[in-house]
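Participant: Got chain A sorted already, so can you dock chain B onto it with the hints?
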Amino acid sequence: MNTPNDTPAGAAGEAGSTGGRSPGEDLITFTDVTKRFGDNVVLDDLCFGVEANKHVTLIGPSGSGKTTILRLLMTLAKPDEGTIEVDGEYLTHERKNGKLVPAGEAHNRAVRKKIGMVFQQFNLFPNMRVLRNVTEAPVHVLGMEKDEAEERARGLIELVGLTEHLDKYPTQLSGGQQQRVAIARALAMRPKVLLLDEVTSALDPELVAGVLDVLRDIARSTDITMVCVTHEMSFARDISQKVLMFDQGKIVESGSPDKIFNDPDHERTREFLSSVH
Amino acid sequence: MTWGLVSNWILPGLWITVQVALFSALIALVVSFVIGTLRTSELWIVRFLSGAYFEIFRGASALVVIFWFAFAFPLLFGWQLVPLWAGALALGLTYGAYGSEIVRGSLAAVPEAQREAGIALSFTRLQRLRRIEIPQAWPEMVPPFNNLAIELLKGTALVSVIAVADLAFAGNVIRLSTNESAPVYTLLLVIYFVLAFGVTRGMRAVERHAKRGVGRLPERKPLFSRTAAATANGSTTDGGAR
Numbered sequence: 001m002n003t004p005n006d007t008p009a010g011a012a013g014e015a016g017s018t019g020g021r022s023p024g025e026d027l028i029t030f031t032d033v034t035k036r037f038g039d040n041v042v043l044d045d046l047c048f049g050v051e052a053n054k055h056v057t058l059i060g061p062s063g064s065g066k067t068t069i070l071r072l073l074m075t076l077a078k079p080d081e082g083t084i085e086v087d088g089e090y091l092t093h094e095r096k097n098g099k100l101v102p103a104g105e106a107h108n109r110a111v112r113k114k115i116g117m118v119f120q121q122f123n124l125f126p127n128m129r130v131l132r133n134v135t136e137a138p139v140h141v142l143g144m145e146k147d148e149a150e151e152r153a154r155g156l157i158e159l160v161g162l163t164e165h166l167d168k169y170p171t172q173l174s175g176g177q178q179q180r181v182a183i184a185r186a187l188a189m190r191p192k193v194l195l196l197d198e199v200t201s202a203l204d205p206e207l208v209a210g211v212l213d214v215l216r217d218i219a220r221s222t223d224i225t226m227v228c229v230t231h232e233m234s235f236a237r238d239i240s241q242k243v244l245m246f247d248q249g250k251i252v253e254s255g256s257p258d259k260i261f262n263d264p265d266h267e268r269t270r271e272f273l274s275s276v277h
Numbered sequence: 001m002t003w004g005l006v007s008n009w010i011l012p013g014l015w016i017t018v019q020v021a022l023f024s025a026l027i028a029l030v031v032s033f034v035i036g037t038l039r040t041s042e043l044w045i046v047r048f049l050s051g052a053y054f055e056i057f058r059g060a061s062a063l064v065v066i067f068w069f070a071f072a073f074p075l076l077f078g079w080q081l082v083p084l085w086a087g088a089l090a091l092g093l094t095y096g097a098y099g100s101e102i103v104r105g106s107l108a109a110v111p112e113a114q115r116e117a118g119i120a121l122s123f124t125r126l127q128r129l130r131r132i133e134i135p136q137a138w139p140e141m142v143p144p145f146n147n148l149a150i151e152l153l154k155g156t157a158l159v160s161v162i163a164v165a166d167l168a169f170a171g172n173v174i175r176l177s178t179n180e181s182a183p184v185y186t187l188l189l190v191i192y193f194v195l196a197f198g199v200t201r202g203m204r205a206v207e208r209h210a211k212r213g214v215g216r217l218p219e220r221k222p223l224f225s226r227t228a229a230a231t232a233n234g235s236t237t238d239g240g241a242r
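Top to bottom, those sequences are chains A and B. Heads up: the first sequence begins at 1 in full-length UniProt numbering, then just goes up one per residue. Heads up: the second sequence begins at 1 in full-length UniProt numbering, then just goes up one per residue.
All clues given are correct.
With a straight-line Cα cutoff of 20 angstroms, these simulated EDC-like cross-link-like pairs (lysine to aspartate or glutamate) come out:
{"id": "1", "chain 1": "A", "residue 1": "Lys113", "chain 2": "A", "residue 2": "Glu51"}
{"id": "2", "chain 1": "A", "residue 1": "Lys78", "chain 2": "B", "residue 2": "Glu42"}
{"id": "3", "chain 1": "B", "residue 1": "Lys211", "chain 2": "A", "residue 2": "Asp167"}
Since the hints were made in silico from the structure, they are not lab data. Bear in mind that the values here come from a model prediction, so they are computed numbers and not experimental data.
Here chain A stands alone, though its shape is the one from the complex (with noise of 0.2 angstroms):
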């Protein structure tokens, strides 16, 4: 193992930045948002907020809605109702003299740059070796300059562990490094909010803690606003301020990690923690 857990913060650092927004003001919020397959109500009427530079985790059974929230935040899939503010700015909604109507492709493409995510099934793109994964959006969507990029890359993708990597196919590498090298591209990007959606579920149990470790370093040494799906109850207990718990599409209670793994009011939560420790 050589994960930089003492790796200078200077490239990580510059990844994220919280563009005036004072800390403790919402970043995203979402407001009456409901969300149905079918017949299926998957959120249910839900309202909430996270605040700039923090680390929010959600916790549920699955099927809870979880992942369809950070689906929605990235705008993969669409609120039925309801809206989602990111940055002060409508997510698949703009307005237009006054009214909310649904966004073009091209306000979507504009507040989407603000938001990176990491996916279970890392979804690196396999017609790319490691550097360009990472450099490949940066230089066709950031318009920045190419060795610019690639100088960048290569410091996000030491600070993931990686060097020696970067002139691999994604199916060289392991899931573990694969994941690693997903988190760099998320960062290339310089998102104001990451997504984690259980980054390390579809990893085997003697790679998650490099992952892990890596996601600490991260939540410690950026300001980056954090939304994370994990059943890692002590990864989310290390890294958030806050944790959300979910049932049936709607948010039973929230509070500190130290209030909702130690004490939590609801006898759901300790019913769900109890089946996952």
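Facilitator: Relative to chain A, chain B alone:
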């Protein structure tokens, strides 16, 4: 059959056949990609129009399309195409319709997760196609394109009906002047087979190159690779590649 007939008819005919095949393959390739990607559009009108193109040209007889470009096109538009180009255009548009189905199918086989990863990085739809989806679908397209290319090569014999002096046309001329059907057509069979075999070998190389481009084949190594050195310090950081 004399050497004179071969050098006056067969060899020039071979060259014409190769030209028709190359030009129509080029047109077919462009049509395949344009129509094939349009058929994956999110706009129904684009899907409808490209789908209509596909159905019309798939349902049309290549021979009749060739006649149409040679004889109907000049009457309708007052503009006469050189017979070789009329033939190449007709074949390209027809075989391109089949090719569009190959492109559409291969694009549909790219995992949804790749599309989502592209969206998450804010790529536009066109960038996703060009940088993510088409490069990944390409290795899947090559074998069916090989089939189509051979079909097309053999289909070029149809242009002989509009007096393009290709191989088949040359064969006919020699048969009529010498009455030696057996040697003439046997020779033609062999020539078409050799051409088709050449296409297959070429497409194999294309396929290997395509697969290497998505990390699915070992990369070409220098003759004496540094395997020993690589094993010595090649320990992976988290437990080795799976």
